[in-house]
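Engineer: Chain G is already provided as a structure; the job is to place chain B on it using the hints.
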Amino acid sequence: MLKIENLSVHYGLRRVLHDVALDVQSGEVLALIGPNGAGKSTLIRAVSGVIPIQSGRIRTNGDDFDALSPMQRARYIATVPQAVSLPPAFTVWETVLLGRTPYLNFLGQPSTKDEDLARRALDRVSALTLAERRVGELSGGEQQRVLLARALCQSTPILLLDEPTAHLDLQYQVGLLELVRELAHNDHLAVLLALHDLNLAARYADRIALMVGGEIKASGKPEQVLRPDLIEAAYCLPVEVVRHPFLNIPLILPKSQK
Amino acid sequence: MKFRSYLFSLLALVLVLTLSLAIGSVFLSPSELWAALTGHGSQTSSAILWSIRLPRTVLIALTGMALSGSGAAYQGLFRNPLADPFLIGVASGAGLGAVIAMSVKWPYSFWGLMAIPMSAFAAALITVFIVYSLARVGKTIPTTNLILAGVAFSSFATSLTSFLMLRSTGEVRRALGWLLGGASQSGWTAILAIAPYLFIGLGILIFSGHAMNLLQFGDDQAQQLGLNVTRTKTILLISSSLATAAAVAFSGIIGFVGLIVPHVMRLWWGADYRRLIPLSIISGGTALLLSDVIARVILAPQEIPVGIVTALAGAPFFLWVLRRAKNQGYW
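Here the protein sequences line up with chains G and B, keeping their order. Taking the numbering used here, I'd label the letters of the first sequence as residues 772 to 1029. Taking the numbering used here, I'd label the letters of the second sequence as residues 12 to 342.
Excised from the complex, chain G in its bound form (with noise of 0.2 Å):
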C-alpha cells in the first residue's frame, strides 16, 4: 500500500535520512525503531507530505504522492502526530471535524455525512462522551484519541502515527495500541508508527524497522530485528533478550552500562 523507495532528506548540510526503503502492506502495523536522532519522526514527516524530499519516491499502488496536492495526499495519508499542545478553546467535536478536510470545499462546511463519519470516529476510540469538551481540559490520553479519531475520520487507507504512547501512562499505552492493531487488522488500513519501547513494538508490531543514523539497519519479524547484537549495536548498549512467558514474542532486558 504505502511504498518508500531510495528516500533521502537533508536539512541543510545535515543527511538525516540516507536512502531509506520500506513497504507497508494493507492489514499490518510496521513499527520503527531506533534511538533518538535515528531519523524515526523525520521519516513520518517526509511520508505525511511537511518536509521536503530530495531523492527517492514516496507511492502507494501507482500513484507518486510527490505529483498530489496536500488535500489530494490528505485522502491517502492521515498522521497522528506527536504529543503536541492542542489550541486549547477548540470542541473535541470541531477538532475531530476538520479531519474531513481533504473532502471540504473551502468553506469547511460538513454535511451530515462528514458529521456521522466524525462520530463513528470519536465512538471507535471510546471518546464520544468527549465531544463538548474542550481540548485543552483533556488529558494526555485522551488528547491522543481525539488526535487518533481526527485520523480516522479522514477515511484514508494509509495511517501514520509518531510516539503515539509517549507520555501516556501504561493503560493508554496498551488500550492505544491494541486499537492500533486492531485498524490494521480488521479495518486493512496500513500502519506505520514510530515507537519508542522495545517491548511494546515486539507485541503490537507485525513487522519492526530499525533506524540508526538516518539509515535503516535491519527490518523483519520482531524475533528477527529484535537481537541482541542488533540492538546492542543500534542503542550502545548491552541488553539480553528473552522470550515472553506467555506470549511468543522476544522481551528486551537492558543491562547495565558498567
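Mixed in with the good hints there might be a few duds.
[As the list claims (entries may be wrong)] Covered stretches of chain G, going by a simulated chain B footprint (3 or more residues, C-beta under 8 Å):
id: 1; region: 813 to 824
id: 2; region: 847 to 853
id: 3; region: 869 to 879
Since the hints were derived computationally from the structure, they do not count as laboratory data. Note that CB positions come from ideal geometry on N, CA and C, so glycine has one too.
Structural biologist: Same frame as chain G, now just chain B:
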C-alpha cells in the same frame, strides 16, 4: 447559538449606527432621520445627514470593521492573541505609506485620493514582511518577539511619518488630526477610494474561517489535514494587509480595536474562526462607532480624535489580556 450571535451583533450595530447619525451639534430625532433617509426630510436635516453624518458614520464603521477583521486574522495567522494591526506595526507602516502619498504633490483630486490607500497597502505589506522576519525563530513567532519587533518598527514608522508631516506645509498638516485617528477627511470620495481594498480584503477573510481553524493546529497538522499552508498564509496576509491599509488610509492610526473586539467575540461566542471573523467584522464597526460617538460628546462641542478613546479603553484591556495569557497559557 450561531443565529443568536449574528442577531445580537447586527442589532448592536444598527443601534449604534442610529446613535451615530442622530448625535452631533444638531440632534436629529429618529423620525427626522428616517424622513431624511427616505428623502422626505427638511433641507437642513437632509444636508446634515447626507453630506456630514452619513459619510462619517459609514467611514468609521468600515474602518472599525477592517481593523477588527484584520486583527482577528492576524491573531489567527500568527497564532498569537496579542497580534493586532497596531501592535505588530502594520497600521503605522500603512500610515507612513499614506503620508508619503499625501506628501507627494498630488493635485487634491480623485486620483490623488486613490493613491493614498494604494501606497498604504504597499507599505503595510512591506511592514508585515519586515516584522515577520524580525520576530521569527525557526518556525514559530514568540509573542514577545512579535510585539517587540512590531513596537520597534512602529515607532520608526511613526517618527518618519511625523518628520514628513512637519517638513511639509499645507495639505499634509491637515493630516496631523488624521494621525491621531479622527475622521476629519471624511467624504464619500474617501469611502469610494478604500472600498475596493476593503471588500476584497474582508471578503477573502470572511471565507477563510476553515483555513484559519486548521492553522490553529500549527503548520504541520494543517498541511497533513490537506491545507496548502504556504499559499493560504500568503493570501491571508495580503488580505489582512489590504483591510488594514483601507482602515488607516483615511482614518489614521486607531489602536486596540483590532485587539479588543476579536477577543471579546472569542470569549462570548467561541474560537471557531468561521464565526469569529464575520462577528469580529460586524462588532468592530459597532465598537469604533461607539468610540466615535463618545469622542464627539465627551467634550462637546469640541470633539477629540477617536484614537484617543480607543487607546484609553484599550490599553488597560491589553494589559489584562497579557496577564491572562501569561497566567492561563491561554493559547
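Engineer: For every hint, state whether the structure bears it out.
Structural biologist: Hint check:
1. Counting residues of the region 813 to 824 of chain G whose CB lies closer than 8 Å to any CB of chain B gives 4, which reaches the minimum of 3, so the coverage claim holds.
2. Given a C-beta distance limit of less than 8 Å, the hint that chain B covers the region 847 to 853 of chain G holds, as 4 residues qualify and 3 suffice.
3. Only when three residues or more bring their CB closer than 8 Å to a CB of chain B does the claim for the region 869 to 879 of chain G stand; here the count is 8, and the claim holds.
Checked against the numbered hints above, the structure breaks none of them.
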